[in-house]
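Undergrad: The residues making up each chain are set out below.
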Amino acid sequence: MSRRRSDSRAATPAKAGFRQTMTWLHTWVGLTFIWLLFFVFVTGTAGYFDTEIDRWMQPELPPAQIGVDASDSVPVLLNHARLVAPGAEQWFLSLPVDRNQPYASLFWRGADPEQGAQQTSGNALIDLRDGAVLQARDTGGGQLLYQMHWRLHYLSRNYSDWIITLATMFMFVAIIAGVIIHKRIFRDFFTFRPGKGQRSWLDAHNLLSVAALPFHLMITYSGLLFMGFSFMPLVYSAYYGTDNGARGEFFAEVFDPPGLTAAAGEAAPLVSLALVVAEAEQHWGENRVRSLDIRHPGDANARIFVHENAEQTVANSEGLLVFDGSNGSLIHALPSATSTTKRIRDVSLGLHEGLFAAPVLRWLYFFSGVLGTGMVATGMVMWTVKRREQAVRTRVPPSAGLLLVEKLNVGTIAGLFVGIAAYFWANRLLPVDFVSRADWEAHALFLTWAAMLLHAAVRPTRQAWVEQFALGGLAFAALPVLNWLTTDRHLGQSVPAQDWVLAGFDLTVLALGLTLLVIAGYLASRLGYVNRHLPHDAAASTLGVSR
Amino acid sequence: MTQPPLLSLVLCLLVLAGVGSLAVASARYRQRSTPVPMAGVWRVSGWVLVALASVVAIVLQGWAMALVYLLAAATLATTSVVLVLSYRPRWLVPIVLVALPSGLLLFAGI
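Chains A and B supply the protein sequences, listed in that same order. So the first sequence is numbered by the working numbering: it starts at 1 and just counts up by one. So the second sequence is numbered by the working numbering: it starts at 1 and just counts up by one.
Hints were generated in silico from the structure; no laboratory data involved. It is possible that part of the hints are untrue.
Claimed, not checked - Using C-beta positions, here's what the derived DEER-type ranges look like:
| id | chain 1 | residue 1 | chain 2 | residue 2 | range |
| --- | --- | --- | --- | --- | --- |
| 1 | B | R90 | A | A457 | 43 to 49 Å |
| 2 | A | W500 | B | I110 | 21 to 27 Å |
| 3 | B | V59 | A | L217 | 25 to 31 Å |
| 4 | A | L217 | B | L105 | 33 to 39 Å |
Unchecked claim - Facing chain B, from chain A, some residues (calculated, C-beta under 8 Å):
| id | residue |
| --- | --- |
| 5 | A212 |
| 6 | F229 |
| 7 | A358 |
A virtual CB, placed ideally from N, CA and C, is assigned to each residue, including glycine.
Okay, chain B solo, but in the shape it has when bound:
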């Protein structure tokens, strides 16, 4: 049932990295920016990251609170990713590459 602000931040970063990776793998990204090699890897990593965030949340917070946090984080992440993809598509890959290690580092620091 722990819910320090840091954990919320970790979840937001991991979900952002996950949703961001899924977006990088999407057809929409190929229209908006230079396609990345190995889109399949990005897609799989995206789902793995979302799953990782879910496991972290469920283990540390219990099912009820975890679901609320995860869905709330996914809402924020999706909105941000779509706006980036529409106005600054080239920033998406760097954002994912920053969000993932900072999320993991913060998590290690908890």
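Looking at chain A on its own, in the form it has when it is part of the complex:
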């Protein structure tokens, strides 16, 4: 009953005009997945610095070994492959070409224990200075943090794909409806009026949404395209049928490289990789080889798939050359674009991931991600501010729905940051030989987040905001100190050594921590002011949060 009354200003769609209908749509479609979308924006934004976070979470590793000539790195990787993975079905040699791939690495599978392989499959980072395996603590790293933004960590893809698809779709609808209902999008383009309650929240929400609107549209629409094969299966089913194997058959035809064959069972020495790399560099230019995927090495039917580095293009597809691994002849040469449809997909996904982005653009991507996070957060707060002010004005006690949303907002907007800080703290504090160490880093994130939701539920809401922002701020600002105490890769070492990846992480989390502390301090001073000067109900509405 009280809920209906508090929503009375959002007219029901049946009787209202177009813009009011869109407002209703924006409000409720926005609210449905808002907490999930906040999580997606935060972890996705962190993902623009995934390999930098990886590096911080494995402080044992040396600085990135980017820019080593392929003619020097390939023999080192090949030696290692022969040593640890004889008789393998596949050796995948990754060369350190840019920040997306800071170290040389070898992946192998199907190695033969009878020929001396210790593990049939595995993955190792190789130090190009001496050919040794780089050893580092077990961690999910920046990769796991970024994977969370669409894999949702604990869920199987059967569920997470659908949840993410629905949330993304709702986001897309909310953005379009949001543009429609923003009556003064051009006239108020430069307008932000602070200190005016609900008005300021709306201004902030508009600014964060409009300033980065191209990014928001791109990231949401391309996010949908990522999931296209999951939520539009009928498109390929029309050609490949609906039985269980159809999906695999379709994927094989679209994504498998041409020229794959079964092993012949006859031994034949692998052709010199130096020749293969030289021919590839003739096609693409010096040091443009990103990886060599060798199937059935040492077999007469060996194949070598050479992938181009795609850092010079927006699209996330690259050129591919297929060589016969026994005689070195070039069998297929595929350009990066094979069809217009695929090109559109490649460009969309490439824009989403931003793997091509050089440092300045990478920071701009990060900035847009921060604005997106802010857009979602201000949307969440606005929903409650409007209803809280109305509850105070009409002297109706706040509905259970309003209280629930307020609590969830605190535990998510402020609480998630505490959780992510816990992820980094766990990385430094869990013993290096701790069993399932990487899993427990992630558990630390989600357990802490759950604790924050619980804390928000039991504490008065205004205090909970202050406490959680303060805790998150302290936890992030103290990370450089923790790093100093637990490793020798701290600011005192990284800055003189000009190791800007490690120094950049420490300084960024310090800045984030200080920002959260400033927010906490601001909210605390408002809280003190309000408690001294205003009656309780009015206090709640001025702050935009409930007690």
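Use these hints to put chain B onto chain A, whose structure you have.
TA: Just chain B now, with coordinates in the frame of chain A:
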């Protein structure tokens, strides 16, 4: 396809000068600070600067990369300009007057 960090900086400065000029010409600026004479000139210069940045980006980087850089720079510039206009409106004209020549000088230096 060149994309040295300096070029990104040039684009950011030119777009900032352009968006800043548009903001100086806006009605919002007249509410927040002493109106400038010849607001029309500021408006036209704003669009010219944004167009100049676009041409520089497209010629040097190609369409695809240029669009990404320009939109990213515009996002940063718009956010900065709105914050300046809200908290330090008098700084906006000086910011434009510094961003424009430094952007052009840097560009000449590339």
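Undergrad: With reference to the structure, classify each hint as holding or not holding.
TA: To see whether the hints hold, each was checked on the structure:
Distance hint check: the CB atoms of R90 of chain B and A457 of chain A are about 46 Å apart, consistent with the given range 43 to 49 Å. A hinted range of 21 to 27 Å for the beta carbons of W500 of chain A and I110 of chain B is consistent with their spacing of about 23 Å. Evaluation of the 25 to 31 Å hint for V59 of chain B and L217 of chain A yields a pass: the beta carbon distance comes to about 26 Å. The supplied range of 33 to 39 Å is met by L217 of chain A and L105 of chain B, whose beta-carbon atoms lie about 35 Å from each other.
For A212 of chain A, the shortest C-beta to C-beta distance to chain B is roughly 5 Å, which falls under 8 Å, so the interface hint holds. This hint is violated: F229 of chain A has a C-beta 25 Å from the nearest C-beta of chain B, more than the 8 Å allowed. Interface hint at A358 of chain A: satisfied, since its Cβ lies 6 Å from the closest Cβ of chain B, which is below the 8 Å cut-off.
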